[in-house]
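**Q** Residue numbers (my numbering), protein chains in the order written: chain V, 596 to 902; chain U, 451 to 840.
Don't read these hints as lab results, they were simulated from the structure. Every clue listed holds true.
Which chain V residues stay away from chain U? Per the calculated CB distances, all over 12 angstroms, these: (1) F665; (2) I675; (3) A679; (4) P735; (5) S775; (6) I794; (7) I796; (8) S849; (9) L850; (10) Q862.
As a list, the in silico DSS-like pairs of lysine-lysine whose alpha-carbon atoms are at most 27 angstroms apart: (11) K799/V x K701/V; (12) K693/U x K678/U; (13) K693/U x K606/U; (14) K502/U x K774/U; (15) K606/U x K701/V; (16) K471/U x K678/U; (17) K701/V x K693/U; (18) K695/U x K701/V; (19) K646/U x K659/U.
None of these values were measured; they are calculated from a predicted model. C-beta: ideal position from N, C-alpha, C; glycine also.
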Amino acid sequence: MDGYSLSDLWSILIMQGFSGLSLFSVLLLMALGMAIIFGQMGVINMALGEFMTIGAYAVYFFSKMAGKYFPALMPYYFIIAIIAAFVIAFLVGYAVEYLLIRHLYKRPLDTLLATWGLSLIMQQVFRSLFGAREVSAVLPDWLMGAWKPTANIDIPLNGLFVMAISIVVTALVVLFMYRSSWGLKVRATTQNRVMANAIGINTKKIDRITFAAGCGIAGIAGATFTTIASTGPTSGSLYIVDTFLVVVFGGTASLFGTIVSAFSIAQAQSILTFFMTNAMGKVVTLLTIIIILMLRPEGLFASKVRK
Amino acid sequence: MEYVNKGRMMSAFYNKWLGGKKGAIELAILAALIFIVMPLWLDIFRLNLVGKYLTYAFAAVGLVMVWGYGGVLSLGQGVFFGIGGYCMAMFLKLEASDPVSTAHQTTPGIPDFMDWNQVTHLPLFWEPFHSFAFTLAAVIVLPVLFAYIIGAAMFKRRVGGVYFSIITQAIAAILTILVVGQQGLTGGINGITDLKTLHGWNINTDSAKYLLYYVNGALLIGVILICKFILSSKLGRLLLALKDKEDRVRFSGYDVANFKIFTFCLGAAISAIGGAMFTLQVGFMSPSFVGIVPSIEMVIFAAVGGRMSLVGAVYGTLLVNYGKSAFSESFPSLWLFFMGSLFIGVVMFFPSGLSGLYETYLQPRLANWSKTFKNRSGQKIESCSDGAAK
Chain V
596 MDGYSLSDLW SILIMQGFSG LSLFSVLLLM ALGMAIIFGQ MGVINMALGE
646 FMTIGAYAVY FFSKMAGKYF PALMPYYFII AIIAAFVIAF LVGYAVEYLL
696 IRHLYKRPLD TLLATWGLSL IMQQVFRSLF GAREVSAVLP DWLMGAWKPT
746 ANIDIPLNGL FVMAISIVVT ALVVLFMYRS SWGLKVRATT QNRVMANAIG
796 INTKKIDRIT FAAGCGIAGI AGATFTTIAS TGPTSGSLYI VDTFLVVVFG
846 GTASLFGTIV SAFSIAQAQS ILTFFMTNAM GKVVTLLTII IILMLRPEGL
896 FASKVRK
Chain U
451 MEYVNKGRMM SAFYNKWLGG KKGAIELAIL AALIFIVMPL WLDIFRLNLV
501 GKYLTYAFAA VGLVMVWGYG GVLSLGQGVF FGIGGYCMAM FLKLEASDPV
551 STAHQTTPGI PDFMDWNQVT HLPLFWEPFH SFAFTLAAVI VLPVLFAYII
601 GAAMFKRRVG GVYFSIITQA IAAILTILVV GQQGLTGGIN GITDLKTLHG
651 WNINTDSAKY LLYYVNGALL IGVILICKFI LSSKLGRLLL ALKDKEDRVR
701 FSGYDVANFK IFTFCLGAAI SAIGGAMFTL QVGFMSPSFV GIVPSIEMVI
751 FAAVGGRMSL VGAVYGTLLV NYGKSAFSES FPSLWLFFMG SLFIGVVMFF
801 PSGLSGLYET YLQPRLANWS KTFKNRSGQK IESCSDGAAK
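Build the full structure now, drawing on both the sequences and the hints.
**A** Here it is in structure tokens:
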């Protein structure tokens with residue numbers, strides 16, 4: 596670390612910290628999507644990364660359309676694209692639940708394999724539709740600048756924007772989960788499926804909507820992802836393991852835990868990456884999490900439920 | 451009890467190791483296929499390819515034990531395959547980089563990729579791999595140790611199911627990144643290549659390839675025998691009980707975790723043998739056999755063969771790999787569709803795989819057929835071919 600003065604180090608820390616915040620936003624959204632599905636049904640959707648890719652391609656598609664046919668809409672398309680990303684991923688998720696997942700609830704390990712198969716198929720579909728090369732959406736001008744609080748510190752605006760989106764989405768999820776009747780039903784189903792069924796909650800319907808909502812949130816994650824990297828057919832699949840680690844590290848039943856763990860993992864990764872090679876930063880972060888999880892499998896914030 | 455005579459021992463062997471008449475026939479057919487049909491039918495290039503697939507079959511057989519009978523799905527089987535393979539590759543690489551043949555390097559006597567990466571002395575963990583005995587021990591001991599650490603940490607805390615699967619997958623991912631990242635120590639993404647001799651015996655000749663193919667086949671059959679023995683013992687029955695009603699086994703006073711750790715370690719050791727044989731037959735080892743994708747493909751081999759069938763796992767491996775090479779030669783883009791549908795189809799429609807198909811469709815017919823055959827042949831020997839035709 597020699598060669599850096601103290602103020603340099605401080606600036607690096609702030610800037611890497613902010614680039615970590617972009618990663619944090621993507622991881623947080625993905626983790627929310629996974630936590631909802633995993634918490635609800637005990638099922639891991641291995642194709643969640645591909646739902647994220649759906650969102651990313653949706654933004655790309657909208658930016659192309661806007662650029663070609665409606666140049667006047669160019670500054671605003673991103674907002675519409677985010678909503679579209681959610682809707683498309685939601686609909687695909689709904690269909691997947693209906694066709695595939697609902698037949699496998701009793702066999703979570705098989706769901707894992709089936710959704711992995713689904714992810715392979717979806718990757719190939721992306722490749723056929725959009726080509727194997729990575730594409731990137733043209734971002735509107737107002738997202739391109741940087742905010743310079745001091746001379747050495749550059750904070751890209753798109754990072755701030757992405758953060759804002761993930762905060763809004765997180766707030767919405769919390770609101771829905773704890774303040775709406777749908778959330779009440781979801782929580783009831785999670786806690787005791789049989790009882791929930793007995794008192795007249797249509798748990799099958801709840802399952803389907805929850806699964807689709809989780810996929811939709813992954814779609815939003817994909818939309819925000821386009822601001823930090825370009826999109827390829829396999830971009831999403833790189834995030835699935837990280838996402839799962841975020842969810843279990845935070846404690847599966849705790850939304851607050853998910854936020855804290857997404858933050859710490861993203862920050863650790865992006866700050867370590869600066870001082871080590873890219874690969875080693877990731878290895879050190881993930882290995883630390885695995886070791887902590889081996890010692891404390893219930894995660895940071897365990898719900899006090901006897902299992 | 452009473453005295454044990456030789457005949458009784460023979461029948462114990464027959465029932466315990468082979469699994470009775472049915473098991474013996476299945477195993478004999480597999481052995482005939484591996485040892486006689488394949489070598490007669492295929493040229494050495496194709497046979498070597500089959501040998502490579504059969505090394506994956508070790509991992510699949512391991513998964514039948516861990517997943518089918520142990521009830522825990524390991525998505526990190528490639529890790530153990532890789533550890534076994536890398537141990538063997540390190541030994542062979544050290545033999546291939548003796549000071550004479552590496553005299554042109556900046557530092558003679560170390561593997562070429564280290565020289566390219568400005569490593570000037572052999573890293574400490576490479577040193578013991580000069581010894582063949584150590585290498586053979588390491589192929590088994592290292593993966594078992596690693597599996598024990600993971601298994602003990604997870605199973606003792608009653609972690610299982612999906613959670614365990616993803617943790618093993620994460621470990622596979624980490625190990626791949628690590629191996630690829632530490633190019634100077636591990637050969638990076640290219641892996642350890644240019645392996646030449648084993649104790650001065652050139653492993654790249656055709657005769658060596660034949661011999662290694664047979665050694666590999668014999669080891670595979672041996673491993674299946676050992677697994678059958680374990681399954682027919684009390685331990686095997688407990689594993690089955692554990693899979694169906696874990697809590698009941700626990701309340702009966704058994705330490706459930708130890709059984710799971712045992713199967714997980716066993717699966718690891720079996721995969722590692724496959725990895726070591728892979729290195730010997732194919733002549734290199736690379737991180738592309740360690741990571742997430744190969745590990746989960748090994749699961750599909752076992753699933754296609756039938757997750758509860760040791761012999762089925764071998765057929766599943768051969769079939770999927772044959773499909774893979776046939777498809778990816780002619781329609782590379784269709785391959786992923788095919789593989790994806792295979793995952794979904796096997797899980798949704800054929801959860802017990804090929805062996806399930808065999809047991810539900812083929813076996814009743816065969817039994818029927820042989821019954822008519824027996825009846826007819828009892829009546830008149832001449833009419834038996836007619837009877838079979840009817």
